[in-house]
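S.K.: Sequence:
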Amino acid sequence: MLLKDNEEKRNIAWRTVMTVTSVLIILIVVFFAVKLFTSNPLTGNWENTDDGMKLTIKNNGTMNIVQTLDESTVSVPVDYTIDMEYKRFAIHVNEEKIAKQAEKTKDCSEQELQDIADVMEGTYEYSVEQNVLTLTDSEYGSQKTFEKSGK
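Going by the numbering used here, the final residue of the sequence shown carries number 281, and the count climbs one at a time with no gaps.
Please keep in mind that the hints were generated in silico from the structure rather than gathered at the bench.
By construction, the Cβ of each residue, glycine as well, lies at the ideal position given by its N, Cα and C atoms.
Any given hint could turn out to be false.
[Claimed, not checked] Computed list of lysine-lysine pairs in DSS-like fashion (alpha-carbon distance at most 27 Å, straight line): (1) Lys188 <-> Lys278; (2) Lys188 <-> Lys274; (3) Lys188 <-> Lys165; (4) Lys227 <-> Lys165; (5) Lys230 <-> Lys184; (6) Lys278 <-> Lys227.
[Stated by the list, open to error] For each label pair, taking beta carbons as the anchor points, the in silico distance ranges come out as: (7) Thr266 <-> Phe167: 38 to 46 Å; (8) Gln241 <-> Thr264: 27 to 35 Å; (9) Val164 <-> Asp267: 30 to 38 Å.
Given these sequences and hints, build the entire structure.
M.R.: Laid out in structure tokens, this is it:
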């Protein structure tokens with residue numbers, strides 16, 4: 131053993147190891163606590179089982195609404211804001227992004243993409259329970275339900 135005969139050096143080494151591991155454990159606990167309480171609970175892929183609409187919500191304030199029209203699948207980019215304190219989720223249509231997307235996709239016109247985005251535009255109160263996202267329209271009270279998908 132390295133410090134076989136010197137008890138004092140062994141004690142110093144042992145205290146150093148214990149201090150470093152204690153600090154690491156505290157840092158890991160703090161990291162997960164901060165991540166738990168500050169992360170966006172809506173980030174991910176959500177699918178509406180009724181009409182097949184999919185929401186891909188990203189952490190940077192953007193999301194895509196994916197809808198199947200006839201035989202093609204269209205993705206419409208929109209922006210969102212989230213207020214985690216009051217559990218409000220607001221979807222904003224960005225007409226510039228829709229115009230760019232319409233240029234990329236030859237299957238749909240800008241108006242069709244706008245119509246898809248308009249279906250989801252608005253302010254909602256959200257609730258997430260067991261991988262089910264419920265968006266309740268603040269103005270009319272109608273609800274849209276989405277299930278978290280693994281893709």
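S.K.: For every hint, state whether the structure bears it out.
M.R.: Right, here's what the structure says about each hint:
1. Lys188 <-> Lys278: Holds - the C-alpha atoms of lysine 278 and lysine 188 are around 14 Å apart, at most 27 Å.
2. Lys188 <-> Lys274: 19 Å, holds
3. Lys188 <-> Lys165: Holds. Lysine 188 to lysine 165 sits at ~16 Å (cutoff 27 Å).
4. Lys227 <-> Lys165: 30 Å, violated
5. Lys230 <-> Lys184: Cα-Cα ~20 Å, so holds.
6. Lys278 <-> Lys227: It holds: about 25 Å lies between the C-alpha atoms, which stays within 27 Å.
7. Thr266 <-> Phe167: 38 to 46 Å: Given range 38 to 46 Å: violated, Cβ gap about 23 Å.
8. Gln241 <-> Thr264: 27 to 35 Å: 30 Å, holds
9. Val164 <-> Asp267: 30 to 38 Å: The hinted range 30 to 38 Å holds for valine 164 and aspartate 267, with Cβ atoms some 32 Å apart.
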